[in-house]
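**Student:** Using the sequences and the hints, build the whole thing.
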Amino acid sequence: MSLWSYANPVRFMGATRPLVPVLGAVAAVCILVGLAWGFFFTPDDYRQGSTVKIIYLHVPSALMAINAWFMMLVASLVWLIRRHHVSALAARAAAPVGVTMTLIALVTGAVWGSPMWGTWWAWDPRLTSFLILFLFYLGYIALWQAVEDPDAAADLTSVLCLVGSVFAVLSRYAVNFWNQGLHQGASLSLDAEKNVADVFYYPLLVCIAGFVALFAALVLLGTRTEIRARRLHVLRLRERMADA
Amino acid sequence: MPELGKYALEVTLAYGASAVLLTGLVAIVVGRAARVRRALERVEGRRDG
Amino acid sequence: MIRLVARDLALAVRAGGGFGLGLAFFLVVTVLVPFGVGPDTARLGAIAPGLLWIAALLACLLSLDRIFALDREDGALDLLATAPLPMEGIALAKAAAHWLTTGLPLSLAAAPLGVLLNLAWPGHLWLAASLLAGTPALSLIGTFGAALTVGLRRGGLLISLLVLPLYIPTLVFGADVARRGAEGLDPTTPLALLAAVTLGCLAGLPFAAAAALRVSLR
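Those sequence lines, one after another, are chains A, B and C. The numbering of the first sequence is my numbering, which starts it at 1 and goes up by one. The numbering of the second sequence is my numbering, which starts it at 1001 and goes up by one. The numbering of the third sequence is my numbering, which starts it at 2001 and goes up by one.
Because the hints were derived from the structure by calculation, they are not lab data. It cannot be assumed that every hint is accurate.
[What the hints assert, rightly or not] According to the in silico footprint, chain A covers these stretches of chain B (three or more CB under 8 Å from chain A): (1) 1009-1022; (2) 1032-1043.
[Unchecked claim] Some residues of chain A that are not near chain C, with every Cβ distance over 12 Å (derived): (3) Ala7; (4) Val20; (5) Leu73; (6) Val74; (7) Val78; (8) Thr119; (9) Ala152; (10) Phe177; (11) Ile208; (12) Glu239; (13) Asp243.
Predicted model, so just to flag it, every value in this text is computed and none were measured. Glycine included, every Cβ here is placed at the ideal spot set by N, Cα and C.
**Tutor:** What follows is the structure, encoded as structure tokens:
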């Protein structure tokens, strides 16, 4: 029993049916607890005042915005190499979630930046990269919607995702070269010691867990929907053939 | 409500906007799931019946 | 492959081929800008390098959907697909023809038009050099975008959205070469990076475009 056995749509549907409500519940609990904890029970930062509370939305959404694209990249590769339909549909389902996460990261960042940096928007490398990522998501979604044949759409968007990933990384460095930034370094990293004090750190972790669960729940639900939509499409075609 | 100080507007704005975006996303995904599911059940019902 | 390039060139130069379209657009933007931002020569000189680059990029963008659309309509693309030439070669030839009809004339026209915008002196050469080094990347990326949208009826709008984020690294480095050249700084670092982007595109994108073409023609 390997992971690949879930490439079978029937098996995938069976396995994910109980997962969606569970993940959804985990996401709801984690996000509510994390945000409530962060919003009501953490102190203000001595320099940033209460705006530090925005971190509980900004960091998880920014994290998921990038990870969603990464997941789409992996799913696209799986589709191109092994031709599993579920994989292509999962990539499609991840895109709307990713674009929303990018938008949340941009909006919360702008709101935080307005009192802290004195401007809503600066052409800072990190901000600019996220704007570019947002454009990539828009193009990806638009291409999915424009191509009618589902398999061709999956192929074309997968190729776009691969090329787009290369150019996204390239843009990141190009933009770095182009302008020195206002944005602080990474708040979280696995190797270095923590840059965020414990009081802010634990609720942040809960929020990140919540966003991850939310992403997983929405992607699974979206994939299930796409599988159903595919079947619906086929059945309707068959009916039309039978009528004719 | 905790005391948000002079940045009350910004913090509420950030939370409010994110809440709107997140609920919008969930509503769209769940709504489409329900719609597709109902349509599929209808078609499958027709096929069996 | 060379014959394919020659054929595309001949088609482009012939009436209605859209050869002058990009150049005309470039000229229009350059002439209109001073009316928009005012005739102050210092300000025009400051924005000239970036502006000329953006105008060149948009002029490139304008002609992208012609790369495959016409051949698709009259069936020539299907014939080409069955030719002994590999699909990668077709993509590369198409990109080369596009560059020869838009990128190259744009690069040559940029230096004289720089005079209109009061570009500082050594900047002309660097602007032309950066366009020469950068526009092949624009053509290659555009060919990839055109290959993705070949089969679509409303491809023109989509192509701009798809290609826009892909153009950013080229624009960043290219405009930086021109800006540094105009300000008298050393522009070799961004020029090297720009050349790297172009060569990377040259090495990789024909394969991606060919993959997209194969899917679209299936």
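**Student:** Now, for every hint given, state plainly whether the structure supports it.
**Tutor:** Hints and how they fare:
no.	hint	in the structure
1	1009-1022	holds (count 9)
2	1032-1043	holds (count 7)
3	Ala7	holds, 21 Å
4	Val20	holds, 32 Å
5	Leu73	holds, 14 Å
6	Val74	holds, 18 Å
7	Val78	holds, 16 Å
8	Thr119	holds, 21 Å
9	Ala152	violated, 5 Å
10	Phe177	violated, 7 Å
11	Ile208	holds, 27 Å
12	Glu239	holds, 26 Å
13	Asp243	holds, 27 Å
Hint violations for this structure: numbers 9 and 10, all remaining hints satisfied.
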